[in-house]
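Residue numbers (full-length UniProt numbering), protein chains in the order written: chain Y, 1 to 415; chain D, 1 to 415.
Copies of the same chain look alike in the list, so a pair counts if it fits in one copy or across any two.
Calculated pairs, DMTMM-like style, for lysine to aspartate or glutamate (alpha carbon to alpha carbon, straight line, at most 20 Å):
#, residue 1, residue 2
1, 198, 77
2, 345, 312
3, 211, 48
4, 3, 231
5, 160, 362
6, 160, 393
Just so you know, these hints were derived from the structure itself, not from any lab.
Protein chains: 2
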Amino acid sequence: MEKILVSIITIGDELLIGQTVDTNSAWMAQELNHAGFWVQRRIAVGDERQAIIAALEEEGKRSHIVLITGGLGPTADDITKPVLCDYFGGRLVRDEDTYQRIMQMFESRGLPVLQRNVDQALVPDVCTVLRNERGTAPGMWFEKDEKIYVSMPGVPFEMKGLMENEVVPRLQERFETPALLHHTLITTGMGESFVAEKIKDFEAQLPPHIKLAYLPSYGLLKLRLTTVAPDKISAAAELHKEFMKMRGLLTDIVVAEADLPMSVILAEKLKAKGFSVGTAESCTGGTIASQITAIAGSSAYFKGSVVSYANEVKMNVLGVQAATLEQYGAVSEETVREMAAGALKVLGTDCVMAVSGIMGPDGGSAEKPVGTVWIAVGGHNNIHTKKHHFRYDRARNISMTCVAAMNELRKWLEL
Amino acid sequence: MEKILVSIITIGDELLIGQTVDTNSAWMAQELNHAGFWVQRRIAVGDERQAIIAALEEEGKRSHIVLITGGLGPTADDITKPVLCDYFGGRLVRDEDTYQRIMQMFESRGLPVLQRNVDQALVPDVCTVLRNERGTAPGMWFEKDEKIYVSMPGVPFEMKGLMENEVVPRLQERFETPALLHHTLITTGMGESFVAEKIKDFEAQLPPHIKLAYLPSYGLLKLRLTTVAPDKISAAAELHKEFMKMRGLLTDIVVAEADLPMSVILAEKLKAKGFSVGTAESCTGGTIASQITAIAGSSAYFKGSVVSYANEVKMNVLGVQAATLEQYGAVSEETVREMAAGALKVLGTDCVMAVSGIMGPDGGSAEKPVGTVWIAVGGHNNIHTKKHHFRYDRARNISMTCVAAMNELRKWLEL
Chain Y
1 MEKILVSIIT IGDELLIGQT VDTNSAWMAQ ELNHAGFWVQ RRIAVGDERQ AIIAALEEEG
61 KRSHIVLITG GLGPTADDIT KPVLCDYFGG RLVRDEDTYQ RIMQMFESRG LPVLQRNVDQ
121 ALVPDVCTVL RNERGTAPGM WFEKDEKIYV SMPGVPFEMK GLMENEVVPR LQERFETPAL
181 LHHTLITTGM GESFVAEKIK DFEAQLPPHI KLAYLPSYGL LKLRLTTVAP DKISAAAELH
241 KEFMKMRGLL TDIVVAEADL PMSVILAEKL KAKGFSVGTA ESCTGGTIAS QITAIAGSSA
301 YFKGSVVSYA NEVKMNVLGV QAATLEQYGA VSEETVREMA AGALKVLGTD CVMAVSGIMG
361 PDGGSAEKPV GTVWIAVGGH NNIHTKKHHF RYDRARNISM TCVAAMNELR KWLEL
Chain D
1 MEKILVSIIT IGDELLIGQT VDTNSAWMAQ ELNHAGFWVQ RRIAVGDERQ AIIAALEEEG
61 KRSHIVLITG GLGPTADDIT KPVLCDYFGG RLVRDEDTYQ RIMQMFESRG LPVLQRNVDQ
121 ALVPDVCTVL RNERGTAPGM WFEKDEKIYV SMPGVPFEMK GLMENEVVPR LQERFETPAL
181 LHHTLITTGM GESFVAEKIK DFEAQLPPHI KLAYLPSYGL LKLRLTTVAP DKISAAAELH
241 KEFMKMRGLL TDIVVAEADL PMSVILAEKL KAKGFSVGTA ESCTGGTIAS QITAIAGSSA
301 YFKGSVVSYA NEVKMNVLGV QAATLEQYGA VSEETVREMA AGALKVLGTD CVMAVSGIMG
361 PDGGSAEKPV GTVWIAVGGH NNIHTKKHHF RYDRARNISM TCVAAMNELR KWLEL
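Next comes chain Y alone, as it looks inside the complex (with noise of 0.2 Å):
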């Protein structure tokens, strides 16, 4: 069976400026890749009419199925729609459904509507319409020599719900696909270059249809086994038994048998053990807190933070001691058991992460250089610490202590 084949364009200045980060190429292939397509090419091109239609053009000749986001707003620099229509060679009419929508959208919220809203209704007549429930921009399908592209507005919220309500049933419905599997193990501890050659036995004998990636990610290695294959019942008892394998390996360095941010991988300890938990934040200013409650439901087992950045919270809210701070600094191991031990107290939890450190690109010294973490992890009358120096600047250093983190407090869950 013939892997189902897409591009994914994204159309705006704002993309080749460096003004936005694309996230919803990212997003759009996962769930692609649930689907069974296969994302060969992502595109992202300028609001300007020739290099859309040179993007068109050239998806069009190597992918079955061209998706296409951004520049459907309704100013004057947003061009994709006309584009389309020109391109596919059609006309602007009105689409009533899209229209209605429109006006009942600006009476709730009691705003006149502007011509230019009213606008957004005019589709192509060379289009299948797609319903968009969360804006005025509605979804457009074309299919021309028996390729399929469809135009999606840029608004992640938008195209999300487009792409799960409209444009993955529709593709599914339409082609059939092989079964498209990922199955990742995350390890830590060792580098990518050890541990390539701890399996590479195991990487020789993969069958050639069975691709090996390694990721290392913030401290981490992630190692993704990728099948694709007719029949997905059989793919993913392959995929599985060469998993274990591997898995067997490395069983000493065994994080997590899927592919999910830390702050899960941490939350299903949790809760197994049915554990609270809360952290004492001084480096990390919040982070590891707004990635824990980034989780839906995570109130069962999250409390709360003290971001202790000023000494003075560190006193009077964890209770740290003065004399503490004085004789070894804030960075210190001392510090972050007296933190550890104070939101234990205030916050009323079983565990606790805090740490503090130097996260740059000031503030560092010969003994403290930028990168100098400690941090705390444990539970009443069990707290224990680990030093780390990163070596990355200010943002990296942020991520790495919050993976490391969660990380120390995961293993003292396994003990």
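Dock chain D against chain Y, hints included.
Coordinates of chain D only, in the frame set by chain Y:
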């Protein structure tokens, strides 16, 4: 003066299956714009020989410069280097400087050196080696048919070092570029259709080389003017003149006169007033604090936060009355007001933000649907409250709440 055109090719299966969001391209585009280079396309392809070669060929035809990241790791799935070597007709030879760096790096970390690490010092003999101070894989500069191709590692920290120290300076030496300038006005409280209507005469009179773009962004609207012109000084003067005309039409809704994150805009206001700040966060779970502390130097005005996810933390740490929670609920004007007052007291700051809301997908009710948020901002004896209702998914509701809270405090500081 002609535009110097750039294509960016990112290589890696993880980009095509959505395992990784490509943040490299946006960062590179910003750097290139500052230096006067025009990014016209971004392409992501997998770790696959034919796909890489096709991208090199196509982008080499349309751009002066092709920048390539990814696929340079020490494992078998990374194939960029041999493909480049073949494409440019070279053979792999050891680069002595890279070899010495690798040996030193492993020695200093107390790790053995494997053959696959040593092999990272192999480079095509047809490239100029660019020293990567931050990792084992060097940058490689190729020239073919008067086009320039530069390959860099995909690890963001390493790519950034190479761009700043080697790639951009060398490109600037090679090319004379026109001025490429952006100037962004950030507004709040008026939809893009209405803003567009308000400034349509302004938009109509813009000279053809100045482009206006509208970018809605988390409840704000960014209006970006872009110009490309031969002389930097006169281009900047002309752009400034048009920018001030536009600004003059939108005085009431201006948030900032540069494209900065809301956390940075707020930081400037705080510093100007000499005010310290803290947060009391329920539904945002520390995300506001995380965004504030992402800024280097934020310890000058940010003292800390209480993330009071559980009601007991609201009571025990912030001093919210049990009766208030019982009578009005956690998501209420009364509760955020007490959270703000409590945070001012325990954190000892001049001003605070407090938020409590329902981010979804669960927890909503008829009276308080998902997206309901109460925000309190202010200082001692002077707390303002506001209710918001966002209509999105959990992640977007959290982001919207953060921007809204910081925007409310910004307005309070301007009173």
